[in-house]
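Model the full assembly from the supplied sequences, consistent with the hints where possible.
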Amino acid sequence: MGQNRPQTDVIQLTLPSKAEYLGVARLTVSGIANRMGFSYDEIEDIKLAVGEACTNVVRHAYKETENPSSIHIQCHVYEDRLVIEVSDQGVGFSNELIAEQLTPIYAGKNLEDLDEGGLGLYLIHTLMDEVEIRSESGVVVSMTKYVRQDGVAGNDWTDSEAEI
Numbered sequence: 000m001g002q003n004r005p006q007t008d009v010i011q012l013t014l015p016s017k018a019e020y021l022g023v024a025r026l027t028v029s030g031i032a033n034r035m036g037f038s039y040d041e042i043e044d045i046k047l048a049v050g051e052a053c054t055n056v057v058r059h060a061y062k063e064t065e066n067p068s069s070i071h072i073q074c075h076v077y078e079d080r081l082v083i084e085v086s087d088q089g090v091g092f093s094n095e096l097i098a099e100q101l102t103p104i105y106a107g108k109n110l111e112d113l114d115e116g117g118l119g120l121y122l123i124h125t126l127m128d129e130v131e132i133r134s135e136s137g138v139v140v141s142m143t144k145y146v147r148q149d150g151v152a153g154n155d156w157t158d159s160e161a162e163i
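First residue of the sequence shown: 0, per numbering that gives the first Met the number 0; consecutive thereafter.
Quick caveat, the hints were computed from the structure, so don't treat them as lab data.
Check each hint, because a few of them may be wrong.
[As the list claims (entries may be wrong)] Distance ranges between label pairs, derived from CB positions:
#	residue 1	residue 2	range
1	Ser29	Asp79	16 to 22 Å
2	Tyr145	Leu26	31 to 37 Å
3	Glu19	Gln148	36 to 42 Å
4	Thr13	Tyr145	24 to 30 Å
Heads up, the beta-carbon is just placed ideally off N, CA and C, and yes, glycines get one too.
Structure below.
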């Protein structure tokens, strides 16, 4: 992170790398996105993208080890965007695997026939505004969704809460 970046709130969540905890990740990002004023459809997109990223960790990151470790989620809340980083300390991706997962290899197939995680990184790129994948001591999938300033999204819900 650069020193000239705007002020941000950071929410961190660490979960066991087990499928039964994926709902907790989705609920967490849903709450944050709702608080930021994203629309229902945008929140659903964010939840699906985070679910895919976490599913990739559960399925791939720790396949070579006997003791699954953790999924690390960081949500960076800016005024105009939400940046979510899903990371692990697993085996990582090869560049060839990343390129393969970014192609529309599922064209012509029914979405209902695919498991969660089956669309992988291609779906994440489709759902989010910006996606960056870094392979460090594992894999970091950084996903950005911008808040649209169209007069619909906003924090006007806080006014009704103040009246209570």
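Structure-based check of all given hints:
no.	hint	verdict
1	Ser29 / Asp79: 16 to 22 Å	holds (19 Å)
2	Tyr145 / Leu26: 31 to 37 Å	violated (22 Å)
3	Glu19 / Gln148: 36 to 42 Å	holds (38 Å)
4	Thr13 / Tyr145: 24 to 30 Å	holds (26 Å)
Checked against the numbered hints given earlier, the structure breaks only hint 2 and satisfies all the rest.
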